Amino acid sequence: MLRTIDFILALFGLIFGVPILLVIFVLGLFDTGSPLFVQERVGKNKRPFALAKFRTMKLETESVASHLASKASITKLGGFLRKTKLDELPQLWNVLRGDMSLVGPRPNLFNQEELMRAREELGVYAVRPGITGLAQINDIDMSTPDLLARTDAKMISEMSLKNYFVYIFRTIAGAGAGDRVVNK
Numbered sequence: 179m180l181r182t183i184d185f186i187l188a189l190f191g192l193i194f195g196v197p198i199l200l201v202i203f204v205l206g207l208f209d210t211g212s213p214l215f216v217q218e219r220v221g222k223n224k225r226p227f228a229l230a231k232f233r234t235m236k237l238e239t240e241s242v243a244s245h246l247a248s249k250a251s252i253t254k255l256g257g258f259l260r261k262t263k264l265d266e267l268p269q270l271w272n273v274l275r276g277d278m279s280l281v282g283p284r285p286n287l288f289n290q291e292e293l294m295r296a297r298e299e300l301g302v303y304a305v306r307p308g309i310t311g312l313a314q315i316n317d318i319d320m321s322t323p324d325l326l327a328r329t330d331a332k333m334i335s336e337m338s339l340k341n342y343f344v345y346i347f348r349t350i351a352g353a354g355a356g357d358r359v360v361n362k
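The opening residue of the sequence shown carries number 179 in the working numbering; numbering runs sequentially from there.
Derived by calculation from the structure, the hints in this document are not laboratory data.
From a predicted model like this one, the values you see are computed outputs, not experimental measurements.
The C-beta atom is built at its ideal place from N, Cα and C for all residues, glycine as well.
Be a bit skeptical, because a hint or two may be false.
As the list claims (entries may be wrong) - In silico lysine-lysine, PhoX-like type, Cα no more than 25 Å apart, as pairs: (1) Lys222 with Lys263; (2) Lys249 with Lys236; (3) Lys332 with Lys263; (4) Lys231 with Lys249; (5) Lys231 with Lys263; (6) Lys263 with Lys249; (7) Lys254 with Lys231; (8) Lys261 with Lys236; (9) Lys340 with Lys263; (10) Lys261 with Lys249; (11) Lys263 with Lys236.
Unchecked claim - For each label pair, taking beta carbons as the anchor points, the in silico distance ranges come out as: (12) Glu299 with Leu189: 30 to 38 Å; (13) Phe190 with Gln217: 24 to 32 Å; (14) Ile183 with Lys332: 16 to 24 Å; (15) Leu180 with Ser212: 28 to 36 Å; (16) Phe258 with Asn223: 30 to 38 Å; (17) Val204 with Lys332: 39 to 47 Å.
Work the whole structure out from these sequences, hints included.
In structure tokens:
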């Protein structure tokens, strides 16, 4: 049932979000010349998928988890997109395709071995990754892999229709600060 809700909400989000998506895309052309960022991430059952986001960092930024990247690599537009979480809008396409859910564990990179081990031990990869979830609304990011994996497992075990919508509405209302970035 949640997959059907995911599909419907993502479809409506993309349809009604087209003007916003287009504005951000055009602004991104002026900001970095390459407004979309596509990166291989770990999906359900540890299968790789191509995650789409609006680019928030300079083109030459190394492909690492956000908490390992330098704050200096974030562009002015990127800072705004991260703060408002608008950089996540292209992931609605991932939800439509079935790679992701609106609610689930944030998809990690394959080089985040400590997080992968912790998540695997707790069965987190048995579900689709998501745009938001319990960890995100509580400011728990990938810089604390064990805590993140435990929080993801708790969210999965307590998932209900009510919690699904609570996580979405709290995210829209501004809960969670997004992934940390170091001050290099």
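ask   = Does the structure keep Lys263 and Lys249 at a Cα separation of 25 Å or less?
value = holds (17 Å)
query = Is the straight-line distance between the alpha-carbon of Lys249 and that of Lys236 25 Å or less?
reply = Measuring from Cα to Cα gives roughly 11 Å; hence the hint holds.
task = Confirm or reject the claim that Leu180 and Ser212 have a C-beta distance inside 28 to 36 Å.
result = The hint (28 to 36 Å, Cβ to Cβ) holds, given that Leu180 and Ser212 are roughly 33 Å apart.
message = Run the distance test for Lys340 versus Lys263: straight-line Cα separation, threshold 25 Å.
response = Given that 25 Å is the threshold and the Cα spacing comes to 22 Å, the pair holds.
inquiry  = For the hint 24 to 32 Å, verify it against the beta carbon of Phe190 and that of Gln217.
reply    = holds (26 Å)
inquiry  = The hint says 16 to 24 Å between Ile183 and Lys332; measuring C-beta to C-beta, is that right?
reply    = holds (21 Å)
query = Given the hinted pair Lys254 and Lys231, is their alpha-carbon gap at most 25 Å?
reply = holds (16 Å)
ask   = Between Lys263 and Lys236, does the CA-CA distance stay at or below 25 Å?
value = holds (18 Å)
key: 30 to 38 Å as the expected CB spacing between Asn223 and Phe258, which holds or is violated   = holds (35 Å)
ask   = Between Lys222 and Lys263, is the straight-line Cα distance small enough, at 25 Å or below?
value = The hint holds at about 23 Å.
ask   = Between Glu299 and Leu189, does the C-beta distance stay in 30 to 38 Å?
value = Taking Cβ atoms as reference, Glu299 and Leu189 lie about 35 Å apart, which means the hint holds.
message = Hint check: Lys332 vs Lys263, CA-CA at most 25 Å. Holds or violated?
response = Measuring from Cα to Cα gives roughly 24 Å; hence the hint holds.
Violated hints: none; the structure is consistent with every hint.
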